[in-house]
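Trainee: Take a look at the letters that make up each chain.
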Amino acid sequence: MNNPKIIVSASPHVHSDRTSKKIMYDVVFALIPAFLISLYVFGIGAFVLTLVAVISCLLFEYLIQKYILKTNVTIGDGSALITGILLAFNLPSSLPLWMVVVGSFVAIGIAKLSFGGLGYNIFNPALIGRVFLLVSFPVQMTMWPTAFENNTTIVDAISGATPLGAIKEGLMFGETMTQISSKLPSNTDMLLGFTGGSLGEMSAIALILGGLFLIIRKVITWHIPVIMLATIGIMTGIFWIVDPEQYATPLLHLLSGGAILGAFFMATDLVTSPVTKKGMVVFAIGIGIITGVIRLFGSYPEGVSFAILIMNAFVPLINTYFKPRRFGAKIKSKIV
Amino acid sequence: MLKTFPKGGVHPPENKITFNKQIKRMSLPKAVYVPISQHIGIPSEIVVEVKEKVEKGQVIAKSGGYVSSNIHSPVAGVVTKLDKIIDTSGYKKQCIVIRTDLKDESNLEEKEYLLKKEITSPPHEILQRITDYGIVGLGGATFPSHVKLNIKEGKKIDYLILNGVECEPYLTADHRLMLEKAEEIIVGIKILKYALNIDKAIIGIENNKTDAIDRLKRLTKEEKGIQVAALQVKYPQGSEKQLVKALIKREVPKNGLPLDVGVIVHNVGTIFAIYQAIQHNIPLTERVVTVTGKKLENPSNFWVKIGTPISDLINEVGGLPEGTRKILNGGPMMGKAIKNTDVPVTKGTSGIVIIHEEEASRGEPQNCIRCGECVSVCPMGLEPHLLMNLTEKGMYEKAAYEDILTCIECGSCSYVCPSNRPLLDYIRFGKSIVKKLETAKN
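From first to last, the protein sequence lines stand for chains A and B.
Residue numbers are given in UniProt numbering: position 42 of the first sequence equals residue 42, and the series is strictly consecutive.
Residue numbers are given in UniProt numbering: position 360 of the second sequence equals residue 360, and the series is strictly consecutive.
Do not rely on the hints blindly, as some may be mistaken.
[Said to hold, decoys possible] A short list of chain A residues far from chain B (calculated; beta carbon distances all over 12 Å):
hint	residue
1	Ile7
2	Phe29
3	Val102
4	Leu118
5	Lys218
6	Ile234
7	Thr249
8	Asp269
9	Phe314
10	Phe327
[To be verified] Listed next, with one range per pair, are the computed distances between beta-carbon atoms:
hint	chain 1	residue 1	chain 2	residue 2	range
11	B	Lys393	A	Leu63	26 to 32 Å
12	B	Lys254	A	Tyr120	31 to 37 Å
13	A	Lys277	B	Trp303	33 to 39 Å
14	B	Pro13	A	Arg325	45 to 51 Å
15	A	Val226	B	Asn150	51 to 57 Å
16	B	Gly319	A	Val226	39 to 45 Å
17	B	Pro365	A	Tyr25	40 to 46 Å
18	B	Val50	A	Lys5	51 to 57 Å
[To be verified] As a list, the in silico DSBU-like pairs of lysine-lysine whose alpha-carbon atoms are at most 35 Å apart:
hint	chain 1	residue 1	chain 2	residue 2
19	A	Lys22	B	Lys84
20	B	Lys7	A	Lys218
21	B	Lys3	A	Lys330
22	A	Lys5	B	Lys294
23	A	Lys277	B	Lys7
24	A	Lys218	B	Lys62
25	B	Lys155	A	Lys22
26	A	Lys278	B	Lys436
27	A	Lys278	B	Lys249
28	B	Lys339	A	Lys330
29	B	Lys393	A	Lys323
30	B	Lys398	A	Lys278
31	A	Lys278	B	Lys254
32	A	Lys5	B	Lys398
33	B	Lys7	A	Lys22
34	B	Lys7	A	Lys330
35	A	Lys218	B	Lys294
36	A	Lys22	B	Lys24
37	B	Lys16	A	Lys330
38	A	Lys278	B	Lys7
39	A	Lys5	B	Lys393
40	B	Lys294	A	Lys330
Simulated from the structure, these hints should not be mistaken for lab results.
Even for Gly, the Cβ is constructed at its ideal location relative to N, Cα and C.
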């Protein structure tokens, strides 16, 4: 018998139904609650900004792959979509839209495709886009619209400090934490996300919900988010215990800024995080410590983006050093 | 929590559609095609001639060396040809073709034998008979059993582990055998325990075969030193190293054998073959084969004579269905895809799985997204994505350093890769080159 339709290939002959695409769309899905909160807090501006970021990321990926690299166009794989959403989540909702386009170009064109595209990039593309904008346009990137203030129209930004910014500023002018605290939003507001800040980093609850979904779907494991947040908590906690008048509470550090968004969605980026659990632990502790150092001693109020990018650079080294233990390695036979 | 091995593993859909199909006897094939290489090691040497009349169970090819095995005629009949035919490897291999004497055989098949519990042969005779009667590992690896049982002076084996795991999806041959030949298997265990002076035996069975677990537990209740252990369902638990680790927490050293940690592992099918050899003087000439697939009309388990063409088995279950894409010798995780159904069943054929086009389709390989899934499912603690990369770039020394030879080729990495990367294909290739380089060095 010789049937031409019979395939001869090597084992295994079955495959799990997981695909990269499904993983990517799980991440998109997990970001929906945070997006809805940002719409509620910042209004239509948040929607427009996210849309612009997503469309320009997809467009740059398409144009560069098709006309410059002349490779397969992979805009359908979901990765550029995620970069767009995450970039938007890391920007103030009032940022001029042309800057969003520039940021998208840096994220996709430079941070992703110039390294070889999906899987080959060393740094998280969205964060590179964000940091590029922060360094290039520091004023616009730190003009935070306050919650609910430009709810209905895209108007010029009404500047209001983020909690972390307010602390940094207050401490610089010699205020104590007690004085500063009176100006900060309540913990409940911060938990829900009704404060100033980047578009998608606001609602701790919405982000944790999305993060849990990713853990349940086995897209990410708990290691990076939990250990990273714990490190930030412990580090800022030690300083707070020593001098509560100079340092904010660990809870405030965890709830404000990009800690939770970074922990669940940026640091866990599959491509730019270590492959082994041991490596993930080291990576997460590193991010936590660097974030703590920048926030406590640096001149930037926030440090999560830088911390993640710095640790991204160490990932190849971490992967080389923290290997899984080989089965049977260093085991002596019982009987000789 | 049930026992299992601690690191890695996957759980593919089980698809054990034939689990409740009693083992049926295949009708006698008109002719059998017996390859002389049905075991790991040197091929056997043919000792019959064309036109020679052979008895059922007569030696037709003698072991070619220490790691080799005798081959016996599965039927009574006449040798019609000594020919090269394609076997399951896809290559032409030497075969002995025997035309079956249909009349004679049918009488023999009717004869029922009684369960023989008492072991009367002395240990050295038992071991000799296992050597003579062509018994090899029936789990699929076909390692000659007598080599496993040859324990050097001074070594002490304290555990005999019976592999009834059957972790491959679809296959149910061991499951049915444990149910239908439970008493015989227990006698087989006693034979080996006695011959090798081993105190403890454990039968490891995955928990998706609760009826077999219950039956064996009931039968061994009164037996001292035979234990039945239910294991969590996880592939590749049937691999010796993983099984030893799961059952008694001992870790076989790198490049080592279970023997190094005081353990001998045998498949339950092999134990049944040993029982037959010792208690009934029957050499290994037939085995249980699961013939299965989602679209088959009548999938089932069969007693099959070694040398029966696979096409006979497929006819027996209603023929190849429309849309068949793959014919597997073995399970879907480690089995070999074959093109030609004229190939014969050998001692290592545990199942024929027919894969339909819906299941066979594999997605286009995409870029590695470094998700680390392959690393987390590798039961040997390897980094498949790295090994594939190194092979792709021709960095074989680095691949050797990264323990590429430790890979047991279970395929968990390729199974799980969300980017459909042919990880195992590359690793296999890398292994073959590394082996060649190492032989050249020595």
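Trainee: So, for every hint listed, does it hold in this structure?
Mentor: Verification of the supplied hints:
1. Against the 12 Å criterion, A/Ile7 falls within the reach of chain B, whose nearest CB is about 5 Å from its own CB.
2. Every C-beta of chain B lies more than 12 Å from that of A/Phe29, the closest at about 16 Å, which supports listing it as non-interface.
3. No beta-carbon of chain B is positioned within 12 Å of the beta-carbon of A/Val102; the least distance is around 26 Å.
4. Chain B draws A/Leu118 into its interface by the beta-carbon criterion, the shortest separation being 5 Å against a cut-off of 12 Å.
5. A cut-off of 12 Å between C-beta atoms contradicts the statement that A/Lys218 is not in contact with chain B; the least separation is 9 Å.
6. With a least CB separation of 26 Å from chain B, A/Ile234 remains clear of the 12 Å interface cut-off, as annotated.
7. Residue-level check passed: A/Thr249 sits 35 Å from the nearest beta carbon of chain B, beyond 12 Å.
8. A/Asp269, annotated as away from the interface, has a beta carbon of chain B within 12 Å; the closest lies near 9 Å.
9. Distance to chain B confirms A/Phe314 as a non-interface residue, since its nearest Cβ pair spans about 14 Å, more than 12 Å.
10. Its closest Cβ contact with chain B, about 4 Å, brings A/Phe327 to no more than 12 Å, contrary to its assignment away from the interface.
11. For the pair B/Lys393 and A/Leu63, the supplied restraint of 26 to 32 Å holds, since their beta-carbon distance comes to about 30 Å.
12. At about 32 Å, the CB distance of B/Lys254 to A/Tyr120 agrees with the hint of 31 to 37 Å.
13. Evaluation of the 33 to 39 Å hint for A/Lys277 and B/Trp303 yields a failure: the beta carbon distance comes to about 47 Å.
14. Here the CB-CB span from B/Pro13 to A/Arg325 is close to 30 Å, at odds with the stated 45 to 51 Å.
15. The beta-carbon spacing between A/Val226 and B/Asn150, approximately 52 Å, falls within the hinted interval of 51 to 57 Å.
16. Checked against the hint of 39 to 45 Å, the pair B/Gly319 and A/Val226 fails, with Cβ atoms roughly 55 Å apart.
17. In this structure the hint that B/Pro365 and A/Tyr25 lie 40 to 46 Å apart at CB is violated, the actual value being about 20 Å.
18. In this structure the hint that B/Val50 and A/Lys5 lie 51 to 57 Å apart at CB is violated, the actual value being about 37 Å.
19. With a CA separation close to 48 Å, the supplied pair A/Lys22 and B/Lys84 exceeds the 35 Å bound.
20. Restraint check for B/Lys7 and A/Lys218: satisfied, since their Cα atoms lie roughly 17 Å apart, inside the 35 Å limit.
21. With a CA separation close to 24 Å, the supplied pair B/Lys3 and A/Lys330 stays within the 35 Å bound.
22. Simply put, A/Lys5 and B/Lys294 have alpha-carbon atoms about 18 Å apart, close enough for the 35 Å limit, and the pair holds.
23. Of the pairs offered as hints, the one joining A/Lys277 and B/Lys7 holds, with about 12 Å between alpha carbons and a cut-off of 35 Å not exceeded.
24. Annotation: proposed proximity of A/Lys218 to B/Lys62 is violated, straight-line Cα distance about 54 Å (limit 35 Å).
25. This hinted pair does not check out: B/Lys155 and A/Lys22 have alpha carbons roughly 53 Å apart, beyond 35 Å.
26. Distance hint between A/Lys278 and B/Lys436 is fulfilled; the C-alpha atoms sit about 34 Å from each other, no more than 35 Å.
27. Straight-line distance between C-alpha atoms of A/Lys278 and B/Lys249 comes to about 22 Å, which keeps the hinted pair within the 35 Å bound.
28. Straight-line distance between C-alpha atoms of B/Lys339 and A/Lys330 comes to about 43 Å, which puts the hinted pair past the 35 Å bound.
29. Distance restraint check for B/Lys393 and A/Lys323: the Cα-Cα separation of roughly 20 Å lies within the 35 Å cut-off, and the hinted pair is therefore satisfied.
30. The hinted pair formed by B/Lys398 and A/Lys278 meets the criterion: a straight-line CA distance of about 22 Å does not exceed 35 Å.
31. Distance hint between A/Lys278 and B/Lys254 is fulfilled; the C-alpha atoms sit about 22 Å from each other, no more than 35 Å.
32. Simply put, A/Lys5 and B/Lys398 have alpha-carbon atoms about 39 Å apart, too far for the 35 Å limit, and the pair is violated.
33. Distance check on the hinted pair: B/Lys7 and A/Lys22 sit about 25 Å apart at the alpha-carbon level, within 35 Å; holds.
34. Distance check on the hinted pair: B/Lys7 and A/Lys330 sit about 16 Å apart at the alpha-carbon level, within 35 Å; holds.
35. Taking the CA atoms of A/Lys218 and B/Lys294, the gap is about 29 Å. The hint holds against a cut of 35 Å.
36. This hinted pair does not check out: A/Lys22 and B/Lys24 have alpha carbons roughly 44 Å apart, beyond 35 Å.
37. Taken as a hint, the B/Lys16 and A/Lys330 pair is broken in the structure, with Cα atoms around 38 Å apart against an allowance of 35 Å.
38. Pair hint A/Lys278 plus B/Lys7 holds up; C-alpha atoms about 14 Å apart against a cutoff of 35 Å.
39. Between A/Lys5 and B/Lys393 the CA atoms are separated by roughly 33 Å; this keeps the pair inside 35 Å, and the hint holds.
40. Distance check on the hinted pair: B/Lys294 and A/Lys330 sit about 44 Å apart at the alpha-carbon level, beyond 35 Å; violated.
The structure fails to meet hints 1, 4, 5, 8, 10, 13, 14, 16, 17, 18, 19, 24, 25, 28, 32, 36, 37 and 40 from the earlier list, while all remaining hints are met.
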